[in-house]
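Engineer: The residues making up each chain are set out below.
Number of protein chains: 6
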Amino acid sequence: MMGMHEYIQGLTNLETLNRAPGFFKYQEHTVAAHSFKVAEIAQLLGDIEEERGQSVNWQRLYEKALNHDYTERFIGDIKTPVKYATHELRKQLAGVEATMTQNFIDNEIPEFLQKRYARRLSEGKDDTLEGQILSVSDKIDLLYESFGEIQKGNPQTVYLDIFRESITTIIRFKELNSVQYFLSDILPDLLNEEFTDKQRLVAITQELLKD
Amino acid sequence: MMGMHEYIQGLTNLETLNRAPGFFKYQEHTVAAHSFKVAEIAQLLGDIEEERGQSVNWQRLYEKALNHDYTERFIGDIKTPVKYATHELRKQLAGVEATMTQNFIDNEIPEFLQKRYARRLSEGKDDTLEGQILSVSDKIDLLYESFGEIQKGNPQTVYLDIFRESITTIIRFKELNSVQYFLSDILPDLLNEEFTDKQRLVAITQELLKD
Amino acid sequence: MMGMHEYIQGLTNLETLNRAPGFFKYQEHTVAAHSFKVAEIAQLLGDIEEERGQSVNWQRLYEKALNHDYTERFIGDIKTPVKYATHELRKQLAGVEATMTQNFIDNEIPEFLQKRYARRLSEGKDDTLEGQILSVSDKIDLLYESFGEIQKGNPQTVYLDIFRESITTIIRFKELNSVQYFLSDILPDLLNEEFTDKQRLVAITQELLKD
Amino acid sequence: MMGMHEYIQGLTNLETLNRAPGFFKYQEHTVAAHSFKVAEIAQLLGDIEEERGQSVNWQRLYEKALNHDYTERFIGDIKTPVKYATHELRKQLAGVEATMTQNFIDNEIPEFLQKRYARRLSEGKDDTLEGQILSVSDKIDLLYESFGEIQKGNPQTVYLDIFRESITTIIRFKELNSVQYFLSDILPDLLNEEFTDKQRLVAITQELLKD
Amino acid sequence: MMGMHEYIQGLTNLETLNRAPGFFKYQEHTVAAHSFKVAEIAQLLGDIEEERGQSVNWQRLYEKALNHDYTERFIGDIKTPVKYATHELRKQLAGVEATMTQNFIDNEIPEFLQKRYARRLSEGKDDTLEGQILSVSDKIDLLYESFGEIQKGNPQTVYLDIFRESITTIIRFKELNSVQYFLSDILPDLLNEEFTDKQRLVAITQELLKD
Amino acid sequence: MMGMHEYIQGLTNLETLNRAPGFFKYQEHTVAAHSFKVAEIAQLLGDIEEERGQSVNWQRLYEKALNHDYTERFIGDIKTPVKYATHELRKQLAGVEATMTQNFIDNEIPEFLQKRYARRLSEGKDDTLEGQILSVSDKIDLLYESFGEIQKGNPQTVYLDIFRESITTIIRFKELNSVQYFLSDILPDLLNEEFTDKQRLVAITQELLKD
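Protein chains in written order, with my numbering: chain R, 708 to 918; chain E, 708 to 918; chain W, 708 to 918; chain D, 708 to 918; chain U, 708 to 918; chain C, 708 to 918.
Just chain R, with the same shape it has in the complex:
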């Protein structure tokens, strides 16, 4: 067992591991930077929930957001759509990742901390308020990543698809105060920025919000 030295040193892997390698043309995003941004966004959504009277478990919220992609160290971003992988193959790959995570906890984490890390490295997107905020925050960051490409003039339509799909997912959590605030107070400012494809993005968004 290496103990927590291995854990700290391994953080550097997440600094060099790109999300969806080769996908973003203007700006690449590492797993470490994504985790930071998701935690910042979750912090903001938590603020709004609390201001609107919800009770937020902050330890749980930060913990979920910060650690939600740590396990990508082990096998990379294998949940990314891989061509020629059937549903069955994808399930096998997820199983492989889960087993490697378990091996890591058993072999590297000192016993008195194992329970904590087992919790942190398991799926965080559960039905708790904090789990839902994580689901939304993860999509808001993806939405901003695709918007970054659109705003800089990247003409590939795949970024519009991701933008659309991100908003669709966010809307599924529209019962949340923070999602309502995002849709009414943040998204309009984003659409107000200067960029070429503005009309199309506004149209897509209005279409989705109409329902």
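Mixed in with the good hints there might be a few duds.
Since the list gives no way to pick one copy over another, a pair counts as held whenever it fits inside one copy or between any two copies.
[What the hints assert, rightly or not] Only pairs whose alpha carbons sit at most 30 Å apart, straight line, appear in this in silico BS3-like list of lysine-lysine: (1) Lys822 / Lys881; (2) Lys905 / Lys822; (3) Lys732 / Lys822; (4) Lys859 / Lys732; (5) Lys822 / Lys798; (6) Lys732 / Lys905; (7) Lys859 / Lys905; (8) Lys881 / Lys832; (9) Lys917 / Lys832; (10) Lys798 / Lys859.
Everything labelled a hint here was simulated from the structure, so no lab data went into it.
Based on the hints, put chains E, W, D, U and C in the right spot on chain R.
Structural biologist: The following block gives chains E, W, D, U and C in isolation, referenced to the frame of chain R:
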């Protein structure tokens, strides 16, 4: 006022802003990735404090660690030793940064959130347990950054200087349970890694720990 | 005092320091390359002045052009529009830079050369013919830098703004023979290049030249 | 004929053209940055000559230094030792470059400026004081480029060879006041820097200076 | 004579040598990667010839495709249109390259292998079936390289010119079964991809195929 | 079914896919460049076998070498040692890759070519002379890749380990004429190059060759 759209979009600045530009040869580190790593390290030190019976305010701890370098967006890493800047000039630059941060909060953050962000964007390294953990976590990440260069064979002595200075700062917090654990259970594993300059680093460390 | 070794070695800082970091998408420009190009452009404008009967002080012209951004070594490109900096803060930053330049001359330049370097590292854009040529050359290079982005299809409107602003500044020096030559014999060839946004750039230029 | 638009736009080629591609490991150098640095160094050597009573033709000095590698635009750095090229082949390549330069002047430079550019784009390293200063400045920059690799710990011996060969060439101009100053007042400061291979570099230098 | 160690080690030069440096904006291509792709494409065209009853000399086909750009090691991609080079100069440069190749074979290749490498490093695009397949494969890869830029939204018209010129050359070999298959079964799928400039590319292609 | 357009376009994935990402510090290697080099090395080993009287099936040899890593497109370099993956997990990942390859052939390759590509995309390292040459060529390229790091002064011992392991594998094929030639005529020239760690590498090699 742009509102929180500006805040979220501005996170991307921290993804592209390098810490101490031109300093690290083998691996550069962005402010976003550093913030992520400091939050992960603070989480671990918090675990140890709690396991050893201390009461940890987790919301405060995560908040301090995650946001401690956000203001580098405004003027960059101006606290980095700049040649030919006197102590007086450095104080002036810090003053400029503080004023820009205040302008940002007044102009960009909606009023109902201003108090929260004023707290997050002010100096986090206070005398609370969480403030002390932040001071230590910031140095542990710096120590690993310089160790990364040393381990890959970078022969410049400046990384040894940083390694030494990081440990010196960490030792100043040796009353903390988590610092004792770091020195007894994590640092030895680091020094056990394979690298050329091992003897020298071990000697430096023993010298510092002796006192 | 390090003497002139420090000065020569410091030139390498200008090779790695990017102008307006993160601003140009297709091609970045270092301070060293910019200084070279400004000196080449100033040389051409000087040629034209001389051919049209003006007397050019060539030592002064080259000296101004070559050294005009050397002091960016000390604090970077702080005159770049920084968000959230008030006019007052900007003045403070300029003062800091001036003091650091003075410290550098006093501490690093041997006494018998201090007067020469004080002259070279002070503001070169004065009312002499050579000072005016420097002002124009600096803008012509900026104009070509933004045109480089436009020609490669970068859709962000900020490059059009810079193009427009550069021409506006150049026109302010329209009494100069070299500016007249630039507007009548060089700019039309630039607008004759192949690029997507041609009509818009031609229209902007004609609008500005009309007045 | 494109006229001087082509000349200005072509400067950007020198910003992207690397000197000796693939040769420097820690820091690459573009032709534009090299030209800037050579002009800065020539300016310093000119200062010293003038202070010691020599008469310096500053226009000629700056012109030579700034433009000495402009023709690399046409065929690249073909004077770099190419394996398997005999002396005869090298002469042929130099002839090709000279003809392309002549074609460029005839076809692109307006007639009233052709004489000036023919002068600037021809070999500058003649027997005048300014030509000799150019020869020395070119080597001093090469010496600092190789020292940059040595200081950062690059273990390949080829940088020591270049360091040695640069000093040998500089010494050939030891009648110049500025070379005497370089050897007595600048080189010792360089050798005083912190780096691993110090003893070897000092020994090489002393050996060369002894004769 | 270094023998074949030199030959193997020299392959790494082709890994770092970019085709048409500075030309492709979204994706650069090395000579090694191009050689690999041309060999893969030639393999496919050979398949089709054989399936349609032609006799293919596979050793000759692979050998031609794999080695057709090896000599770029010696003087780079000098056949690339260089501005200001007359036809005469270009012929001289080709002569220089041929002599360097001969020097290389004489000096580096062991005698018992010289005949084989003289064959491999000479011009492969002869009138044999395999030489014709090489000519077509080289253009198909160039066509895909330019299509890569077009598809990603690069607006410069030079990629359309290359696309057009590639198809024109391919059509000259329209007697080949494999060219007929390429035009009827592969090119339509390429034009069916999603990209902005689709109509224009389809129009260009139809225009060329009409004749 | 996309047909062979998809196959050709997919070659570009191999141009951007790095071997063992993050492993090589001085020079990265893409799968495309590696495939090219392995085919060149196999060609040389085939030459030697033929010159020494063996009969070489050249079509089979080139085909094996060129295509041996094509399937890395689908799931990347999953055979690379992944931490925390047990032998069982590794077998599962290999199974996933094999199924994706089969899906690709069934769905993308036209029926009349499927048999050819099934052969090319299956494991090429069989017991035929050509399969053995592929095994050796793959290791020779790996040996040169690690030697590239050692020669440039990379101090990490992992490159010595790879060097040692490559030679060990090559020696297992010492019955081959081409392996005997490699050990007697090529490897000594490699060890004769200039580099810091020479004695150690020579010692390692002699140790291995002794047995």
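Engineer: Each of the hints needs a verdict: does it hold here or not?
Structural biologist: Hint check results:
1. Lys822 / Lys881: This pair counts as between: shortest inter-copy Cα distance 27 Å, intra-copy 33 Å.
2. Lys905 / Lys822: neither (48 Å within a copy, 34 Å between copies)
3. Lys732 / Lys822: neither (40 Å within a copy, 37 Å between copies)
4. Lys859 / Lys732: both (10 Å within a copy, 9 Å between copies)
5. Lys822 / Lys798: Close inside one copy (25 Å) and across copies (29 Å); limit 30 Å.
6. Lys732 / Lys905: both (19 Å within a copy, 20 Å between copies)
7. Lys859 / Lys905: Both ways: Lys859 and Lys905 sit 12 Å apart in one copy and 19 Å across, limit 30 Å.
8. Lys881 / Lys832: Cα proximity of Lys881 and Lys832: one copy only (16 Å, versus 38 Å across).
9. Lys917 / Lys832: Close inside one copy (27 Å), not across copies (47 Å); limit 30 Å.
10. Lys798 / Lys859: For Lys798 and Lys859, neither the intra-copy (36 Å) nor the inter-copy (32 Å) Cα distance is at most 30 Å.
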